[in-house]
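Trainee: Got chain A sorted already, so can you dock chain B onto it with the hints?
There are 2 protein chains.
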Amino acid sequence: MYKHILFATELNETKSYIENKVTQLQQLTQAKLSVIHVVEPIPNVYYGGVYGVIPGLDSSDSIGTTRILEERAKDILQALVKRLKLTEQDLHIPIGHTSEEILAFAQKENVDLIIAGSHGVHGLQVLLGSTTNAIVHGATCDVLAVRFKE
Amino acid sequence: MYKHILFATELNETKSYIENKVTQLQQLTQAKLSVIHVVEPIPNVYYGGVYGVIPGLDSSDSIGTTRILEERAKDILQALVKRLKLTEQDLHIPIGHTSEEILAFAQKENVDLIIAGSHGVHGLQVLLGSTTNAIVHGATCDVLAVRFKE
Numbered sequence: 000m001y002k003h004i005l006f007a008t009e010l011n012e013t014k015s016y017i018e019n020k021v022t023q024l025q026q027l028t029q030a031k032l033s034v035i036h037v038v039e040p041i042p043n044v045y046y047g048g049v050y051g052v053i054p055g056l057d058s059s060d061s062i063g064t065t066r067i068l069e070e071r072a073k074d075i076l077q078a079l080v081k082r083l084k085l086t087e088q089d090l091h092i093p094i095g096h097t098s099e100e101i102l103a104f105a106q107k108e109n110v111d112l113i114i115a116g117s118h119g120v121h122g123l124q125v126l127l128g129s130t131t132n133a134i135v136h137g138a139t140c141d142v143l144a145v146r147f148k149e
Numbered sequence: 000m001y002k003h004i005l006f007a008t009e010l011n012e013t014k015s016y017i018e019n020k021v022t023q024l025q026q027l028t029q030a031k032l033s034v035i036h037v038v039e040p041i042p043n044v045y046y047g048g049v050y051g052v053i054p055g056l057d058s059s060d061s062i063g064t065t066r067i068l069e070e071r072a073k074d075i076l077q078a079l080v081k082r083l084k085l086t087e088q089d090l091h092i093p094i095g096h097t098s099e100e101i102l103a104f105a106q107k108e109n110v111d112l113i114i115a116g117s118h119g120v121h122g123l124q125v126l127l128g129s130t131t132n133a134i135v136h137g138a139t140c141d142v143l144a145v146r147f148k149e
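Protein sequence lines correspond, in order, to chains A and B. Mapped onto numbering that gives the first Met the number 0, the consecutive letters of the first sequence carry residue numbers 0 to 149. Mapped onto numbering that gives the first Met the number 0, the consecutive letters of the second sequence carry residue numbers 0 to 149.
So here's chain A without its partners, still in its complex pose (with noise of 0.2 angstroms):
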């Protein structure tokens, strides 16, 4: 029924339940499975929030610092690639706005499932709430929000 799934992931889902969705539906449909995190360059206030302090990190220059968020989203997400069986072309890290840079891909890729986690941990669901809402609004595919249980 699905022949493309888009997971879109936050670093901190890695590991979680939310995984096993994924895996369990990709299983079930035989679908291609792709992975995609968006890495926003945010402002200094939120360094030390979203991310976690981040050592060597130099805020005051801003290409230099989503380099080094870029990179940590690879590092961690190789992991997340190995477990799903996946290699490195079906992990997706695009620099931009989070639900348009999700959006986009999914269009461009004929992704036909969107599967994003409908809250997040460390008092981050008002911000992961909207990023899942703008995706259902805006997606001209499915899209499956995971409940996300700690």
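Treat each hint with caution, since some may be false.
What follows is a set of in silico ranges between Cβ atoms, one per label pair, in the way DEER data are often shown [what the hints assert, rightly or not]: (1) P40(A) / K73(B): 50 to 56 angstroms; (2) E70(B) / A103(A): 44 to 50 angstroms; (3) G137(B) / A103(A): 27 to 33 angstroms; (4) P40(A) / N109(B): 41 to 47 angstroms; (5) P40(A) / G63(B): 58 to 64 angstroms; (6) K107(B) / K107(A): 40 to 46 angstroms; (7) R66(B) / R82(A): 52 to 58 angstroms; (8) N109(B) / P93(A): 35 to 41 angstroms; (9) K73(B) / P93(A): 57 to 63 angstroms; (10) R66(A) / Q88(B): 44 to 50 angstroms; (11) H96(B) / I92(A): 37 to 43 angstroms; (12) R66(B) / D89(A): 39 to 45 angstroms; (13) L27(B) / E39(A): 33 to 39 angstroms.
List time: in silico SDA-like cross-link candidates among lysine to any residue, alpha-carbon distance up to 20 angstroms [what the hints assert, rightly or not]: (14) K31(A) / K20(B); (15) K84(B) / N19(B); (16) K20(B) / H3(A).
Okay, the calculated bits of chain A under chain B, using three or more residues with CB under 8 angstroms as the criterion [stated by the list, open to error]: (17) 83-94; (18) 134-144.
Don't read these hints as lab results, they were simulated from the structure. Please read these numbers as outputs of a predicted model, since none were measured by experiment. By construction, the Cβ of each residue, glycine as well, lies at the ideal position given by its N, Cα and C atoms.
Mentor: Below, chain B without anything else, positioned relative to chain A:
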């Protein structure tokens, strides 16, 4: 992976694209399937819009009107129930606020996946979209928003 799927349907979604998705997911997961449609008591100004012009409907008699809408929903949805190979016991038509009734049913009956259309027909996009948003936000289970294709 899912044990109890709840299909939250509009009257105009019968025989549609979304129905096929529900059937396929139910077969893949072998989950129990329930169907819910909420009858909302709505202001007179909407009669002829949301529900179509209903002969014999007296807009000054709100209890009688609700009863007529309920009976009409039952008539329309019984065909859906048959196509889904369900019984009347699997069809639920509560009266009240749509997302609240859906969420209450899901909680009470241990639903682990709610399937709802993410866009309606006949200019109802905004109404249905906000219902689905409210479900995504309020649900304690997963929600699949199926993009309606006309």
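Trainee: Are there hints from earlier that the structure breaks, and if so, what are their numbers?
Mentor: As far as the earlier hints go, 9, 10, 12, 17 are violated by this structure, in ascending order.
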